[in-house]
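Residue-level listing of the chains:
There are 2 protein chains.
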Amino acid sequence: MEEIIMFSEASAKAGITYPKGFLAAGVKAGLKKSGNPDVALIYTEKEAAVAGTFTKNAVAAAPVGVSKKVVATHTAHAIVANSGCANACTGAQGEEDAAAMQQITADALGCTAQDVVVASTGIIGKLLPMDKVKLGIHAAAHALSPNGSPDAGNAILTTDTYSKAGTATVVLGGMEVRLGIIAKGSGMIRPDMATVLCFITTDADIDALLLQEALSEVMEHSLNMISIDGDMSTNDMAIILANGAAGNPKIAEKNADYEAFKGVLLALCQGISEKIAADGEGATKFLTIHVVGARSFADAKTVGMSVANSPLVKTAFFGEDPNWGRVICAVGYAGVPMDPERTTVKFGGIPVYAGGVGVPYDAEALHAVMSGHDIVIEIDLNEGDVEAKVWTCDFSYEYVKINGEYHT
Amino acid sequence: MEEIIMFSEASAKAGITYPKGFLAAGVKAGLKKSGNPDVALIYTEKEAAVAGTFTKNAVAAAPVGVSKKVVATHTAHAIVANSGCANACTGAQGEEDAAAMQQITADALGCTAQDVVVASTGIIGKLLPMDKVKLGIHAAAHALSPNGSPDAGNAILTTDTYSKAGTATVVLGGMEVRLGIIAKGSGMIRPDMATVLCFITTDADIDALLLQEALSEVMEHSLNMISIDGDMSTNDMAIILANGAAGNPKIAEKNADYEAFKGVLLALCQGISEKIAADGEGATKFLTIHVVGARSFADAKTVGMSVANSPLVKTAFFGEDPNWGRVICAVGYAGVPMDPERTTVKFGGIPVYAGGVGVPYDAEALHAVMSGHDIVIEIDLNEGDVEAKVWTCDFSYEYVKINGEYHT
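Order-wise, the sequence lines are chains A and B. Heads up: take any position in the first sequence, counting from 1, add 3, and you land on our numbering. Heads up: take any position in the second sequence, counting from 1, add 3, and you land on our numbering.
Everything labelled a hint here was simulated from the structure, so no lab data went into it. Any given hint might turn out to be false.
Any copy, or any two copies together, can satisfy a pair, since identical chains are not distinguished.
No farther apart than 27 Å at their CA atoms in a straight line, the calculated lysine-lysine pairs in the BS3-like style are these [stated by the list, open to error]: (1) K349 with K404; (2) K49 with K23; (3) K59 with K392; (4) K59 with K349; (5) K349 with K129; (6) K257 with K23; (7) K404 with K35; (8) K129 with K16; (9) K257 with K137; (10) K23 with K129; (11) K137 with K49; (12) K49 with K253; (13) K16 with K265; (14) K71 with K36; (15) K72 with K59; (16) K257 with K31; (17) K35 with K137; (18) K36 with K404; (19) K392 with K23; (20) K35 with K49; (21) K349 with K265.
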């Protein structure tokens with residue numbers, strides 16, 4: 004059996020409860036003004052190896068510190084997450100509240116506090132209404148279900164317009180190993196405070212340190228390649244739980260099974276990254292910046308991010324304007340060695356810039372590219388043979404509306 | 004007599020023709036669809052020391068290369084500039100055209116081509132219509148006048164909503180020394196391709212190398228502190244001509260006169276920087292990010308730029324939302340050592356964040372600050388005693404409109 008990665012409707016429904024032994028729930032605890040679900044719970048009765056990557060922002064939210072300690076123990080049984088309040092910039096009270104979320108969850112599930120990962124997303128600077136959170140966690144614990152992934156996925160959303168989830172299957176040592184993922188993106192436009200939460204479950208049996216290494220490497224090539232840069236928010240977090248229920252030969256070294264597992268994890272996380280970018284706040288276009296011919300991955304990523312973060316590029320694509328001048332300009336100031344004469348730019352496969360000047364193009368064909376929803380901007384630096392893809396979206400009136408509205 | 008720096012209406016009118024011996028003109032050559040003035044000329048019959056700073060973008064426009072060579076000769080007689088076409092990404096033809104602009108100007112004024120600085124701003128990737136440019140330069144040469152500064156100032160504008168100009172006076176060695184400035188900002192919102200052109204004239208007598216040193220240092224604390232970052236466009240250029248007509252004792256070493264001259268040049272350039280930031284594309288607010296308590300100027304600038312470049316901060320101010328969470332988040336990801344507990348944030352002098360949490364504030368007083376046009380965001384890192392100011396503007400629907408409209 005080949006590995007299978009899916010982002011179909013059925014797959015989204017299965018999500019994090021697709022791997023064996025995982026239950027999930029999402030409930031309405033009243034943390035959001037909208038009344039939408041806002042407390043999510045993921046649980047594995049069988050102890051799971053845990054790994055995580057976290058925001059590098061010096062202003063990190065309380066749950067980030069709490070969850071880092073859980074990951075340091077290498078095992079966990081549950082993830083509790085809330086939306087509507089980030090529990091960031093909340094001082095000592097915020098730390099107490101994050102610890103209380105752990106304890107309440109542990110008590111409800113019959114595990115220890117150190118078995119519970121905590122995540123929050125929402126407004127910065129507000130304290131969690133702990134009475135509501137407590138009731139919400141209890142309700143979620145009662146609602147835990149092998150079909151609970153969609154509810155959990157919905158309960159972590161903020162300004163996302165739809166829930167993101169997927170599943171994957173890979174055969175390791177003759178045993179079917181399953182992976183499931185849910186994530187939220189959010190607003191965004193550039194590496195900023197848009198919080199990304201990403202929860203991955205798998206029934207693979209894998210050593211916790213190898214799990215961490217695989218996750219860290221995969222994140223560099225998936226969530227960290229969105230222009231909602233994972234390491235910038237106060238609350239960003241990606242967590243994977245591996246409970247070993249698949250019964251595969253335990254992955255305890257970097258063998259073929261490790262590589263196969265990492266490969267399918269990468270594909271799953273890249274798929275969810277595309278979905279997050281496409282659902283950026285106010286987005287009307289999904290843009291893939293494909294940089295090729297770079298000397299290093301770092302160079303390729305830097306160029307891709309420079310283009311992806313340019314408001315002038317993003318507004319041009321919103322306006323369906325094939326303004327290659329803004330693209331090559333953003334390449335030029337990226338700070339990576341490049342020769343304007345050797346660099347080429349294509350929109351949707353159509354050359355628009357080469358040899359230091361614009362390339363004549365078929366206006367009708369290019370118009371068809373620019374008026375589409377998914378657009379690939381290919382930049383060939385002709386400096387080496389390394390490539391990278393950065394995913395982003397355009398910049399619309401709606402973005403300004405969403406973020407310019409007074410919502411403290 | 005004290006030094007005097009002015010940005011009044013009278014001062015704007017005097018501008019670059021305020022110092023002795025300078026003439027200027029601005030004419031309509033038909034380069035802009037709007038029919039607005041688009042060719043500017045500045046001339047000093049008396050040879051001037053020249054200094055300049057240029058874009059650091061790897062994709063630099065043709066006139067940048069041409070003008071760097073002029074500055075390398077240390078003397079010049081004229082500056083010719085056009086708007087409506089950037090002459091960037093125009094290959095060998097673009098270089099020929101920039102050189103032709105020099106030669107046409109030199110012929111019209113009776114100097115040599117190497118005496119003429121060339122600058123362009125406008126659309127990238129289009130060739131200059133040289134027949135129109137030639138007629139424009141001839142017309143401008145005929146129109147040169149001691150009252151020509153406003154015309155020249157208007158002829159370099161692109162999406163600016165008003166012309167920026169100022170004057171300054173300082174007494175050196177008993178002689179009155181005058182300085183004049185015109186500049187264009189442009190769109191823009193973050194270090195990007197928005198072209199800044201800044202032309203400064205002075206009748207000071209000063210050695211060209213010292214003039215360059217003074218200009219370079221001043222730019223670091225003025226134009227490079229706008230979030231329209233000077234070194235990012237394909238065409239950015241700041242040029243100063245010093246013709247010595249004031250008759251002051253020649254500044255040939257770093258004496259008190261040098262310091263006084265540099266001080267007044269700094270004040271003049273900071274004043275014009277504020278005007279450029281306040282006229283950002285679609286701006287409804289002028290924001291000063293005042294970072295204090297930093298360990299170094301570089302740290303203070305990095306923090307200020309991180310806040311100034313955050314679309315989430317900028318849209319919050321557009322919405323008059325005192326969202327300090329977005330500000331402290333941008334401080335946190337700036338990459339500069341900072342302690343969330345020690346950092347404080349004030350909006351218009353009103354504390355909003357301290358000790359790691361939000362500070363209760365008088366809502367009415369803060370509303371008055373947020374609804375004003377000029378807002379100071381003060382960030383105290385409490386790490387050292389260095390400060391820096393970064394100037395920017397908010398981010399509005401109008402920005403998206405201006406840049407999302409198809410205008411190739």
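From the Cα coordinates, with 27 Å as the cut-off, is the pair K35 and K49 best called within, between, both, or neither? neither (32 Å within a copy, 71 Å between copies)
For K35 vs K137, is the C-alpha pair at or below 27 Å within one copy, between two copies, both, or neither? Cα proximity of K35 and K137: one copy only (15 Å, versus 64 Å across).
Alpha-carbon proximity context of K404 and K35, limit 27 Å: within (19 Å within a copy, 32 Å between copies)
Give the relationship of K257 and K137 under a CA distance limit of 27 Å: within one copy only, between copies only, both, or neither. neither (42 Å within a copy, 69 Å between copies)
As a check of your reading, is K349 near K404 (CA-CA no more than 27 Å) within one copy, between copies, both or neither? between (31 Å within a copy, 25 Å between copies)
Within a copy, between copies, both or neither: where do K23 and K129 come within 27 Å Cα-Cα? For K23 and K129, neither the intra-copy (37 Å) nor the inter-copy (60 Å) Cα distance is at most 27 Å.
At most 27 Å between alpha carbons: which applies to K16 and K265, within, between, both or neither? This pair counts as within: shortest intra-copy Cα distance 23 Å, inter-copy 67 Å.
If the cut is 27 Å between Cα atoms, do K59 and K392 qualify within a copy, between copies, both or neither? both (22 Å within a copy, 26 Å between copies)
Is it within a copy, between copies, both, or neither that the alpha carbon of K72 lies no farther than 27 Å from that of K59? within (15 Å within a copy, 44 Å between copies)
Have a look at K257 and K31 and pick one of within, between, both or neither, based on CA distance no larger than 27 Å. For K257 and K31, neither the intra-copy (42 Å) nor the inter-copy (70 Å) Cα distance is at most 27 Å.
If the cutoff is 27 Å on CA atoms, where do K129 and K16 land: within, between, both or neither? Let me know, please. neither (32 Å within a copy, 51 Å between copies)
Under a CA distance limit of 27 Å, which applies to K49 and K23: within one copy, between copies, both, or neither? within (10 Å within a copy, 86 Å between copies)
In summary, the structure is inconsistent with hints 8, 9, 10, 14, 16, 19, 20, 21 from the numbered list given earlier, while agreeing with the others.
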